[in-house]
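As given, the protein sequences belong to chains A and B, one line each in that order.
Residue numbers for the first sequence follow the UniProt record's numbering, beginning at 1 and rising by one.
Residue numbers for the second sequence follow the UniProt record's numbering, beginning at 1 and rising by one.
It is possible that some hints are incorrect.
[To be verified] Selected chain A positions facing chain B (in silico; Cβ < 10 Å):
no.: 1; residue: R33
no.: 2; residue: A52
no.: 3; residue: F55
no.: 4; residue: A76
no.: 5; residue: G79
no.: 6; residue: S87
no.: 7; residue: I90
[To be verified] The calculated SDA-like cross-link candidates involving lysine to any residue, where the alpha carbons are at most 20 Å apart (straight line), are:
no.: 8; chain 1: B; residue 1: K28; chain 2: A; residue 2: K104
no.: 9; chain 1: A; residue 1: K93; chain 2: B; residue 2: I32
no.: 10; chain 1: A; residue 1: K39; chain 2: B; residue 2: K59
no.: 11; chain 1: A; residue 1: K104; chain 2: B; residue 2: E85
no.: 12; chain 1: B; residue 1: K28; chain 2: A; residue 2: W95
no.: 13; chain 1: B; residue 1: K28; chain 2: A; residue 2: G23
no.: 14; chain 1: B; residue 1: K59; chain 2: A; residue 2: K106
no.: 15; chain 1: A; residue 1: K39; chain 2: B; residue 2: K86
no.: 16; chain 1: A; residue 1: K39; chain 2: B; residue 2: S19
no.: 17; chain 1: A; residue 1: K39; chain 2: B; residue 2: F23
no.: 18; chain 1: B; residue 1: K59; chain 2: A; residue 2: S60
no.: 19; chain 1: B; residue 1: K28; chain 2: A; residue 2: S35
no.: 20; chain 1: B; residue 1: K59; chain 2: A; residue 2: E58
no.: 21; chain 1: B; residue 1: K28; chain 2: A; residue 2: L18
no.: 22; chain 1: A; residue 1: K93; chain 2: B; residue 2: S31
no.: 23; chain 1: B; residue 1: K86; chain 2: A; residue 2: G91
no.: 24; chain 1: B; residue 1: K59; chain 2: A; residue 2: K104
no.: 25; chain 1: A; residue 1: K106; chain 2: B; residue 2: E85
no.: 26; chain 1: B; residue 1: K59; chain 2: A; residue 2: T62
no.: 27; chain 1: B; residue 1: K59; chain 2: A; residue 2: V78
no.: 28; chain 1: A; residue 1: K93; chain 2: B; residue 2: L84
no.: 29; chain 1: A; residue 1: K39; chain 2: B; residue 2: G46
no.: 30; chain 1: A; residue 1: K39; chain 2: B; residue 2: I43
no.: 31; chain 1: A; residue 1: K39; chain 2: B; residue 2: R35
no.: 32; chain 1: A; residue 1: K93; chain 2: B; residue 2: E85
no.: 33; chain 1: B; residue 1: K86; chain 2: A; residue 2: V78
Treat the hints as calculated values from the structure; they're not laboratory data.
On a predicted model such as this, the values are computed, not experimentally measured, just so you know.
By construction, the Cβ of each residue, glycine as well, lies at the ideal position given by its N, Cα and C atoms.
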Amino acid sequence: MIDILVYITSGLGALFVLLAAIGTLRMPDQYLRISVNTKAATLGVGLLLVAAALFFLETSVTTRVLAVIIFILITAPVGAHLIGRTSYFIGNKLWENSYIDDLKGKYNKTTHDLKGLDKMEKNDEEAKSKS
Amino acid sequence: MNVHDYLYYIILPILSISSLLVFIRFFKGPSIVDRVVALDLLITIGIGIIAIYSILSNKPTFLDISLVLALIAFLGTVAFAYYLEKRNKND
Chain A
1 MIDILVYITS GLGALFVLLA AIGTLRMPDQ YLRISVNTKA ATLGVGLLLV AAALFFLETS
61 VTTRVLAVII FILITAPVGA HLIGRTSYFI GNKLWENSYI DDLKGKYNKT THDLKGLDKM
121 EKNDEEAKSK S
Chain B
1 MNVHDYLYYI ILPILSISSL LVFIRFFKGP SIVDRVVALD LLITIGIGII AIYSILSNKP
61 TFLDISLVLA LIAFLGTVAF AYYLEKRNKN D
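The following block holds chain B by itself, in its conformation from the complex (with noise of 0.2 Å):
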């Protein structure tokens, strides 16, 4: 068993099995901030589902989308918040 069959067998079916239960979140949530807090941890999990496949293709031109990834997350989460919080204002 060498590093490819390890990732390809063991580690990705980890990832996608989290991601899953974390979409069970995102669709169940009481309130908004559990969906964009879910939302926030689907992208986190899909930079190490890129890095992981990013060994597994041997190109590591990949890892440049997971910086992209990372900034969306960041911005997504503090515009929600930002927005949540002026629409809480004006009611």
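Pulled out of the complex, with its shape left as it was, chain A reads as follows (with noise of 0.2 Å):
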């Protein structure tokens, strides 16, 4: 019973790491990268992790997995983060067919600065009083 539980975490697991590695190889673009790399490669390892889980079955190894497992999923979204803004701020170009950038015009490239909502509405409303 249990075999058959690692026989399907594992492969799953497998299945997802592969996908991610695939996804990084056929991305037109680094911030679709860095999202493949971010979610698809952290449900692979920690399915894979919890196979080896459900094979020991034993106290100290659990929870060392779980350490592991609530480690891996508290760094990638914020190591994904870092990375993706540097990327911004060195000026790679976003893949020709996505459209929508959020953030155009609200960076300011030398003082790495952005743009609030609330400066935003300053200026707004600086631009209505003057006019």
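Can you join these two chains into the complex? Each is in its own frame, and there are hints to help.
Dropping the structure here:
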């Protein structure tokens, strides 16, 4: 019974890791590659670790596996956000077919400040009062 | 076909093929961001390989190393992001 669960979880995990690798190779854009990397690979490796925990069925192994999974779940989005932000600052272009760029014109590329919504509203009010 | 054969002949080859595909992106990557992302994914696949290998060799001690690898992957990504941004600032 436990063997069947190990088959299923390890097979699904390997499949998701393979999909993440193919996506990293085939996606046309840095941002799409980061997206594939942080979602599919996290799920795949989590399933592989769960397979190890199911195979051993000991408390010490299960706690270790849970620690690794929680650590990966916490750190993967943070790393993806940081590297995506850096990629935007360096000036990597988006894919030509992706037409939504919410950050266009909002980043000050010399001081690295993000122009927030309140600032934009202020600018609008100043423009209105001037006119 | 027991669990050992399944892991040895199906799961480990799939994981090694995927790490090879990521290696192609690691060498090809047009910008340095691609290389950092590929390196992160390589270390993540390494964690999966360690998990499978600990089942195969029946030694759960190897799972400690996967925690260290996860920490190194996160620190590497954060450090690369920080210094790449800084380098761009000075230009």
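Status of each hint after checking the structure:
1. R33: holds, 6 Å
2. A52: Hint holds; A52(A) Cβ to chain B Cβ min 4 Å, cut 10 Å.
3. F55: holds, 5 Å
4. A76: holds, 8 Å
5. G79: holds, 4 Å
6. S87: Hint on S87(A): holds, closest Cβ of chain B at ~4 Å, below 10 Å.
7. I90: The hint holds - I90(A) has a Cβ within 10 Å of chain B, the shortest such distance being about 5 Å.
8. K28(B) / K104(A): violated, 28 Å
9. K93(A) / I32(B): Holds: K93(A) and I32(B) sit about 13 Å apart, inside 20 Å.
10. K39(A) / K59(B): Given pair K39(A), K59(B) is violated - Cα atoms ~29 Å apart, limit 20 Å.
11. K104(A) / E85(B): Satisfied, since the Cα-Cα distance of roughly 18 Å is no more than 20 Å.
12. K28(B) / W95(A): holds, 18 Å
13. K28(B) / G23(A): Holds - the C-alpha atoms of G23(A) and K28(B) are around 14 Å apart, at most 20 Å.
14. K59(B) / K106(A): Judged against 20 Å, a Cα distance of about 52 Å means the pair is violated.
15. K39(A) / K86(B): Not OK: K39(A) and K86(B) at ~27 Å, beyond 20 Å, violated.
16. K39(A) / S19(B): Status holds; Cα separation ~17 Å.
17. K39(A) / F23(B): Distance of about 19 Å is within 20 Å: holds.
18. K59(B) / S60(A): holds, 12 Å
19. K28(B) / S35(A): It holds: about 19 Å lies between the C-alpha atoms, which stays within 20 Å.
20. K59(B) / E58(A): holds, 12 Å
21. K28(B) / L18(A): With Cα atoms ~19 Å apart, K28(B) and L18(A) stay inside 20 Å; holds.
22. K93(A) / S31(B): Holds: K93(A) and S31(B) sit about 11 Å apart, inside 20 Å.
23. K86(B) / G91(A): Status holds; Cα separation ~13 Å.
24. K59(B) / K104(A): This hinted pair is violated, its Cα atoms lying about 52 Å apart.
25. K106(A) / E85(B): holds, 17 Å
26. K59(B) / T62(A): holds, 14 Å
27. K59(B) / V78(A): Roughly 32 Å separates the two Cα atoms, so the pair is violated.
28. K93(A) / L84(B): holds, 16 Å
29. K39(A) / G46(B): holds, 16 Å
30. K39(A) / I43(B): holds, 15 Å
31. K39(A) / R35(B): holds, 18 Å
32. K93(A) / E85(B): holds, 16 Å
33. K86(B) / V78(A): holds, 18 Å
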